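K.L.:
Residue numbers (full-length UniProt numbering), protein chains in the order written: chain A, 1 to 465; chain B, 1 to 465.
Because the hints were derived from the structure by calculation, they are not lab data. Here the structure is a predicted model, which is why all the values come from computation and not from measurement. A virtual CB, placed ideally from N, CA and C, is assigned to each residue, including glycine. Mixed in with the good hints, there may be bad ones.
Claimed, not checked - Computed from the model, here is a short list of chain A residues facing chain B with C-beta under 10 Å:
no., residue
1, Q11
2, L12
3, H14
4, N21
5, T199
6, I399
7, A401
8, D437
There are 2 protein chains.
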Amino acid sequence: MSDFLATLAAQLPHGTLRPANPGELDDPRGRHEGQALAVARPASTLEVSTILKACNQASVSVVPLGGGTGLVLGQVAHDGPAPLVISLERMTAIRAIYPSENVIVAEAGAILADVQNAAQGVDRLFPLSLAAEGSARIGGNLATNAGGLNVLRYGNARDLCLGLEAVLPDGSIWNGLKRLRKDNTGYDLKNLMIGSEGTLGIITAAALRLFPQPTGEAAAFFVVPDPQAALDLLALARAQLGETISAFELISGVGLDFLTETLPDLRQPFAVRPEWCVLIDVGTSGALDPFVMLEDLFTAAFTAGLASDGVIAKSGSERAEFWAVRESIPEANRRIGSISSHDISVPLSTIPAFIPEGIAALRELGDVRVNCFGHLGDGNLHYNVFPAKGRDRREYEDIRAEVKRTVHDLVHAYDGSVSAEHGIGRLKVEDLERYQDPVKLAAMRAIKKALDPNGIMNPGAVLRI
Amino acid sequence: MSDFLATLAAQLPHGTLRPANPGELDDPRGRHEGQALAVARPASTLEVSTILKACNQASVSVVPLGGGTGLVLGQVAHDGPAPLVISLERMTAIRAIYPSENVIVAEAGAILADVQNAAQGVDRLFPLSLAAEGSARIGGNLATNAGGLNVLRYGNARDLCLGLEAVLPDGSIWNGLKRLRKDNTGYDLKNLMIGSEGTLGIITAAALRLFPQPTGEAAAFFVVPDPQAALDLLALARAQLGETISAFELISGVGLDFLTETLPDLRQPFAVRPEWCVLIDVGTSGALDPFVMLEDLFTAAFTAGLASDGVIAKSGSERAEFWAVRESIPEANRRIGSISSHDISVPLSTIPAFIPEGIAALRELGDVRVNCFGHLGDGNLHYNVFPAKGRDRREYEDIRAEVKRTVHDLVHAYDGSVSAEHGIGRLKVEDLERYQDPVKLAAMRAIKKALDPNGIMNPGAVLRI
Numbered sequence: 001m002s003d004f005l006a007t008l009a010a011q012l013p014h015g016t017l018r019p020a021n022p023g024e025l026d027d028p029r030g031r032h033e034g035q036a037l038a039v040a041r042p043a044s045t046l047e048v049s050t051i052l053k054a055c056n057q058a059s060v061s062v063v064p065l066g067g068g069t070g071l072v073l074g075q076v077a078h079d080g081p082a083p084l085v086i087s088l089e090r091m092t093a094i095r096a097i098y099p100s101e102n103v104i105v106a107e108a109g110a111i112l113a114d115v116q117n118a119a120q121g122v123d124r125l126f127p128l129s130l131a132a133e134g135s136a137r138i139g140g141n142l143a144t145n146a147g148g149l150n151v152l153r154y155g156n157a158r159d160l161c162l163g164l165e166a167v168l169p170d171g172s173i174w175n176g177l178k179r180l181r182k183d184n185t186g187y188d189l190k191n192l193m194i195g196s197e198g199t200l201g202i203i204t205a206a207a208l209r210l211f212p213q214p215t216g217e218a219a220a221f222f223v224v225p226d227p228q229a230a231l232d233l234l235a236l237a238r239a240q241l242g243e244t245i246s247a248f249e250l251i252s253g254v255g256l257d258f259l260t261e262t263l264p265d266l267r268q269p270f271a272v273r274p275e276w277c278v279l280i281d282v283g284t285s286g287a288l289d290p291f292v293m294l295e296d297l298f299t300a301a302f303t304a305g306l307a308s309d310g311v312i313a314k315s316g317s318e319r320a321e322f323w324a325v326r327e328s329i330p331e332a333n334r335r336i337g338s339i340s341s342h343d344i345s346v347p348l349s350t351i352p353a354f355i356p357e358g359i360a361a362l363r364e365l366g367d368v369r370v371n372c373f374g375h376l377g378d379g380n381l382h383y384n385v386f387p388a389k390g391r392d393r394r395e396y397e398d399i400r401a402e403v404k405r406t407v408h409d410l411v412h413a414y415d416g417s418v419s420a421e422h423g424i425g426r427l428k429v430e431d432l433e434r435y436q437d438p439v440k441l442a443a444m445r446a447i448k449k450a451l452d453p454n455g456i457m458n459p460g461a462v463l464r465i
Numbered sequence: 001m002s003d004f005l006a007t008l009a010a011q012l013p014h015g016t017l018r019p020a021n022p023g024e025l026d027d028p029r030g031r032h033e034g035q036a037l038a039v040a041r042p043a044s045t046l047e048v049s050t051i052l053k054a055c056n057q058a059s060v061s062v063v064p065l066g067g068g069t070g071l072v073l074g075q076v077a078h079d080g081p082a083p084l085v086i087s088l089e090r091m092t093a094i095r096a097i098y099p100s101e102n103v104i105v106a107e108a109g110a111i112l113a114d115v116q117n118a119a120q121g122v123d124r125l126f127p128l129s130l131a132a133e134g135s136a137r138i139g140g141n142l143a144t145n146a147g148g149l150n151v152l153r154y155g156n157a158r159d160l161c162l163g164l165e166a167v168l169p170d171g172s173i174w175n176g177l178k179r180l181r182k183d184n185t186g187y188d189l190k191n192l193m194i195g196s197e198g199t200l201g202i203i204t205a206a207a208l209r210l211f212p213q214p215t216g217e218a219a220a221f222f223v224v225p226d227p228q229a230a231l232d233l234l235a236l237a238r239a240q241l242g243e244t245i246s247a248f249e250l251i252s253g254v255g256l257d258f259l260t261e262t263l264p265d266l267r268q269p270f271a272v273r274p275e276w277c278v279l280i281d282v283g284t285s286g287a288l289d290p291f292v293m294l295e296d297l298f299t300a301a302f303t304a305g306l307a308s309d310g311v312i313a314k315s316g317s318e319r320a321e322f323w324a325v326r327e328s329i330p331e332a333n334r335r336i337g338s339i340s341s342h343d344i345s346v347p348l349s350t351i352p353a354f355i356p357e358g359i360a361a362l363r364e365l366g367d368v369r370v371n372c373f374g375h376l377g378d379g380n381l382h383y384n385v386f387p388a389k390g391r392d393r394r395e396y397e398d399i400r401a402e403v404k405r406t407v408h409d410l411v412h413a414y415d416g417s418v419s420a421e422h423g424i425g426r427l428k429v430e431d432l433e434r435y436q437d438p439v440k441l442a443a444m445r446a447i448k449k450a451l452d453p454n455g456i457m458n459p460g461a462v463l464r465i
C-alpha cells in the first residue's frame, strides 16, 4: 500500500479502503476494465469530504462510482495513472420522505429502484425509470442527468431534483439540500453539478420530486404509416389527453424483426409486423378512464389516417407485456450485435426527414440495417446500426468509425445532439470536441479549472483539459 | 464623450450609443436612479459582441437592461463608477416559431406579452405570466429566472427554456440555441446563465417551450379555514384534477381588507370577508369540462371540511374578474405602503407553522399587519409587512431593518429561501452573504472569476467579489 493510501486509511474507519476486485470495475458493455489504486467506500458525507481533501492535497485523481451502469465509460478510468475509486455503495439511506410535500431525500448510493419503492410506500411516484434501475444509483443518475422512459411527462433527472448535497474537489461540503420549488438565490450550482459526470465534485445526497400515483394506467400500441404520422399522432394525443401521456415510444419494423429473430417466444402485439408503431402510456388522476381515452384517441387517429391498427392493453399484466416488448429491444440489439450505437436527439419536426436521410447515407457505406427506436416525444432516438441479416458485426470493423461519423455529422447538421441522454464519459470526448460550440467548450474548461484546479475529479471524462 | 465611448461609437452603427435620459434608469419602486456612462442599444448579437469585447478590453463595466421591471435593483447601478448600460430594446424579433415542436425562438429584447401573443397566434401557450408582462423583456425574465403565476404547472423561466444564445464577457458568442428536449453534452451552461442576473454574460436570444392551449379554462375561489386546509385542498385537487391545475394562489383576509380599503370599486368574491381563501385555476384538454371538475372538487372539499364556501367563474369574463382580485393585491399593497416586503419560500409542509410564527414574531416588534399571499402551490409567499390601520410606514422606519431580519432569519431557520423568485440584484447582496451556504458562495465567486475575470458584468449585483 502506498504512503498516500496508508495515511488516508488511518483517517477513515477500518475497511473503508480495499483493493479493487478483478472484473469489478468493468464497463457494462465489456469494453474496458477500469483501473483503481484502491476502492474507497465512505459511509458518510464527512468521510467523502475526508477522502477528497486528502486526494486534492496529494493530487491523487478520483473516479466516483455509482451503480457502474453508465454506457459512456464515465466510471471507467482505463488509461493514465490509476485513480482512487470512490464507491457510494454504503451511502444508500433514504434520509426522509415528505409525502405532503411530494419530496424524498435520498443518499447518492441509493439504488434507483429502491427510491421508486420508497416513494410507492407512501403512495407516491418517483418517475425516473430506465432499464438499469435495479442497479443504477441515484447519485450516478444525477451526475449523468439520466433520461429514460418518462421524460416526456416528468422530465429528466435534472427536472426531478430540488436540491443537492455534494462534496467539492477540495473536500468542502455544499449543503444545498433544499426542498423548495423556487429559490432564486445565486448561480445554479445544482444544475452545474447535475450532468457534470463526476468531474466537478461528488453528489452525496439529493432532494427529489415525487408525484401522485396515477389512479388509472393504460397502454396501447398503434400502427402508424411513418414517423411523420407518429409525430402528428403525438400532437393529437396531447390535444386530447393533455399531460396524462407518460410515454410515447417509437418502434420500427426492424426492431420487431430483431425481436422475432432473437427472442421468438416474446409475444408481439401485431400478427402482421408493421413498418412503424408507437407505444403510448397514459396515467390518469381522479375518475378519468384511461382505456376510454385511448379508445377515443384511436378512433380519432384512425379517422385522420394516423393509425391503421391498434391494440389497447386490457389489464395491468397486458400493459406489462406491452412494455416488455419495448424493453426487450436493447436485449435483441445486443444479441444481433451492433456495428455502432447512437443516442441522439434532433429537433422534433425534423425527425421524419432525419430518419430516412441517415439510412440512405449509411447504405452508401455498406449493407446495414438501422434499428431506430426510442423516446419520440423527446426527440430522442436510439439510432443503432447493425449488419445485414446473416452477417456479423466483425465484418464491418473497417467502416465502424465512418458509420458513427456519418450519423453524428448528420445529427450535427440537423442541429441535434450526439448524446441525448447517455452523456460524454470517456467514450464521446472527441465527439464533444468536434460538435460542441467552441465558446461553450471554453467556458466549460474555465469552470472546471475554477472548481477543480488540481484536476483530480474524474480526469479524462467529459474534458481532456 | 470619453475616448472609450468615441472609439466604441466608431465601431457601431450611428445612433447605437446615446446618453441616458433623466428618470429612464429608475427602479420600478423609485428607490434608486441608475447611473450610465451611456446607453448602448445594439440591434444584433454581433453588435452586443462588439460592445462587450470593447468593454472587456478597457475594463469598462456593463449593466444589461431588459424591461427594467426587476424588483431587486439588478438593473440599477447606483454607486461605483458609471457603467455602460446595454439595453436590449432593439433586439425584439421573434426569430422563428415551430408549432409542431412547441418551440418559439425569441430575441432577448422581446416583450414577454409579445412572446405570449406570438404563441397564441399559432394556437399555442407560452405560460410565463407575471404582473410586469407588458414591459418585462424575455432576456430579463431569463436572467432573473422569473416565476409568476403558472409555475405550479409549467415551471419557472428556467424550465421553459430549451436553449440560449448569449455573449460572454470577452465578447465571444455562445450559440446554444438548441431546440432539443434532451442534450447531455457537457456542463449545463444554459442554467448557469439563467438566474445569473447579467453577471456572467448577456443573453441575446432563447429557444422557449410552448404548450397546447387549454381547450377549457375555469377558475374558482374557495374559502378555506386556514393555510393547512389550503395545502390539504391542493393535495385533494391534485388527486382529482391531476396536472390540469394551472395556478393555486393563497389570499388572506388582510389582503381582501387592503382591497376594500384602497380599491373599493373592485368586486370581491365573497359578501362576508373570509380569513383565508384560495384562487384555483384549471386548464383542460380534450372533452374535459373544467366547471364540472371544479364543482366536483368543491363537493369533495366541503365534505372533507377543507372549504366552507366557494364561487366558480361562470364565464371567461368572470374568470378575468377573479384574477383581477388576485392581481390587484400588489397595487393595494403599494397604496397602503409596506414597511418591508419579502419574497420567500419555505418547504411546503411547514407553511402552516411558518405563517403564524412569523406574525407573532413581528407583533413583538410593533403594531403591524402582515399581508401574506401568493403562489402556495410552489411554497412561495409574498410575506409583506404593513403599518397598523391609520398609521404610516414612515412611523416604522426605525424597526424596518429588524422587520426584514426577523422574517428572513425565520425563513432561514425553516430552511427556506429569502428570494424565491425576485433574485438578488443589488438589494439582497447582504442577505445572500448572510444566508447562502458558504461553500456555494465560494463556488459562485470562483465561477464568476473564471468567466468574467475583469469583473465587468453587472458589478455589485449578486456578488460583491
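K.L.:
All hints, please: hold or fail.
P.N.:
Here is what the structure says about each hint:
1. Q11: Hint on A/Q11: violated, closest Cβ of chain B at ~20 Å, above 10 Å.
2. L12: Because about 21 Å separates A/L12 from the closest Cβ in chain B, which is outside the 10 Å limit, the hint is violated.
3. H14: Given a least distance of 29 Å, the restraint on A/H14 is violated.
4. N21: Violated - the Cβ of A/N21 stays beyond 10 Å from chain B, reaching only about 30 Å at its closest.
5. T199: holds, 8 Å
6. I399: violated, 25 Å
7. A401: violated, 19 Å
8. D437: holds, 5 Å
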